[in-house]
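Novice: Just so you know, the sequences run in chain order A and B. Number 90 in this note's numbering belongs to position 90 of the first sequence; there are no gaps in the numbering. Number 174 in this note's numbering belongs to position 174 of the second sequence; there are no gaps in the numbering.
Just so you know, these hints were derived from the structure itself, not from any lab. Watch out, some of these pointers could steer you wrong.
[Claimed, not checked] Label-pair restraints from in silico Cβ distances:
1. B:N160 with A:K136: 23 to 31 Å
2. B:R176 with A:K136: 28 to 36 Å
3. B:V230 with A:E126: 19 to 27 Å
4. B:V61 with A:A238: 57 to 65 Å
5. B:Y102 with A:V67: 29 to 37 Å
6. A:A74 with B:A238: 44 to 52 Å
7. A:V68 with B:Y161: 47 to 55 Å
8. A:Q116 with B:A79: 38 to 46 Å
9. B:N114 with A:Q115: 52 to 60 Å
10. A:W14 with B:A79: 49 to 57 Å
11. B:R78 with A:S169: 31 to 39 Å
12. A:D70 with B:V61: 44 to 52 Å
Source: prediction; values computed, not measured. Heads up, the beta-carbon is just placed ideally off N, CA and C, and yes, glycines get one too.
Here's the letter readout for the chains.
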Amino acid sequence: MTQNAIEMVNVDKWFGDFQVLKGINLNVQSGERVVICGPSGSGKSTVVRCINRLEAHQKGVIKIGGVVQDGSAAALEAIRSEVGMVFQQFNLFPHLSVMENLVLGPMKARGMSRQQAEERAMEYLERVRIPEQAFKRPSQLSGGQQQRVAIARSLCMEPKVMLFDEPTSALDPEMISEVLDVIVELAEEGMTMVVVTHEMGFARKVADKMVFMDAGEIIETGTAGDFFSAPKSERTQAFLQQILQH
Amino acid sequence: MRVVLFLFGVLLLSSCGSSDTWGWYVVNPMTPSGWVNIRFLINGMGATVLLSVIAASISIVLGLLVALPALSEHRGIRAINRVYVEVIRAIPLLPMLFWVFYGLPIVFKSMGLNIQIDPFWGAIITLALSDSAFTAEIYRAGIQSIAKGQSEAAKTVGLNYLQTMRYVILPQAIRRILPPLANQFIYIVKMSAFASVIGMQELTRRANELVVTEYRPLEIYSLLIVEYLVLVLIISAAVRWLERKMGSDERG
């Protein structure tokens, strides 16, 4: 039996009176690559943030690796150790060097020795192709390099699932591909991932499953092939037309 | 420093013109009696500094403990911070000093405890308590100024609350709050003068005592002001140095 890495059943969430998520049902199997797209404000970032409980949902069930996410400390610990996250704004720690950014989690949360943690950090810095930047401050790096450091920082925790919340939206155009290349490589290695993005070329390349959201609902789910060539819903068609026009 | 000496010089010179207004003999270091008076005044410096440093140290720790509940998601926990800050901040220093020095021992006595409060510790308790409400607000502002993404990123690499504070939030916040904290320390140094009214032998108390015997308030209080000025300027210079070292003077 293949277990679902992520399982969301009828998830509702409100911010105050405003319902951001309406009955979200989403399964992500181990090794599956899911891309979520949709207009801004559609709730796609909130879905990702609910998965690792940066936001708490109010109704429904979210299971990560079979663990029901109920806000308990034990569940939280299980989730955080399985799920890595990359943010739109990178969120590197500006007062620490790249290396310190990478070893902080493994050393403090996992109790790894400094030597072990640094060896692992160098390994992942090489994978994202910036080992030479290890001892610089984040502010000395370009946006693309910072985002690759952020990816390496997540990978250092050796998560089973990676979440990407608009990883290239804050980047200058010429830096987008260096970050996407790294994510594609990860996808090819079989990492389970959920990516929120507007990069449709990238989505076509890596997505096993496409999810289209609008106004807090999942409007359409399908394989990348079906989704792009024959979108069923009118709203999906309109969205794709707008975004693919240029 | 040069400005201070200059101003002091102007005061001295002006005394030459009208000898009945100024009587600098009372603190003239060239005469034995003047020198004794100066030494008597300056000897209060140690107590003022010690009082301020201990009170500020307590306030810095207490302020952080008071600030942390303000960052909670739970309204009830945030209320602890709000009540503490609003109440302590509303009490003027002098009444609080009287209450601690004269009132608190009675409270202790009624509880069957025989705890005497001497002027030194009475002043420290009052200064630290009063200041902690302000320090707490400085911490809160500093911590809240760190973008939410920082604590989120810390969570996603597995750090718990205390680790997030210690390794991610506070190191960044401390650079921003150092200037207002230094400001607050200077405030404590000045407010420590109130300790004179409960008999603490610090700078102001000594000046008062000398005025009573010498009848020269203008000269003695002028010197007192210069003493505080020198003390504060030394603290300012030290803080500037610390800011440079910690990068508080840089942007970002």
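Novice: Are the hints correct? Go through all of them and say.
Specialist: How the hints compare with the structure:
1. Roughly 28 Å separates the CB atoms of N160 (chain B) and K136 (chain A), a value that falls within the hinted 23 to 31 Å.
2. Our hint of 28 to 36 Å for R176 (chain B) and K136 (chain A) is violated, since their Cβ atoms are close to 23 Å apart.
3. The hint said 19 to 27 Å for the Cβ distance between V230 (chain B) and E126 (chain A), and at roughly 57 Å that hint is violated.
4. Hint check: V61 (chain B) to A238 (chain A), Cβ distance near 59 Å, so the stated range 57 to 65 Å holds.
5. The hinted range of 29 to 37 Å is not satisfied by Y102 (chain B) and V67 (chain A), whose Cβ atoms lie roughly 60 Å apart.
6. The given range of 44 to 52 Å is respected by A74 (chain A) and A238 (chain B), whose C-beta atoms sit roughly 48 Å from each other.
7. In this structure, V68 (chain A) and Y161 (chain B) break the distance hint of 47 to 55 Å, their C-beta atoms being roughly 22 Å apart.
8. Checked against the hint of 38 to 46 Å, the C-beta distance between Q116 (chain A) and A79 (chain B) comes to roughly 44 Å, which is consistent with it.
9. Taken as a hint, the range 52 to 60 Å holds for the pair N114 (chain B) and Q115 (chain A), whose Cβ atoms sit roughly 57 Å apart.
10. Checked against the hint of 49 to 57 Å, the pair W14 (chain A) and A79 (chain B) fails, with Cβ atoms roughly 24 Å apart.
11. Checked against the given bound of 31 to 39 Å, the beta carbons of R78 (chain B) and S169 (chain A), roughly 33 Å apart, stay inside it.
12. Between D70 (chain A) and V61 (chain B) the beta carbons are some 36 Å apart, a value that contradicts the proposed interval 44 to 52 Å.
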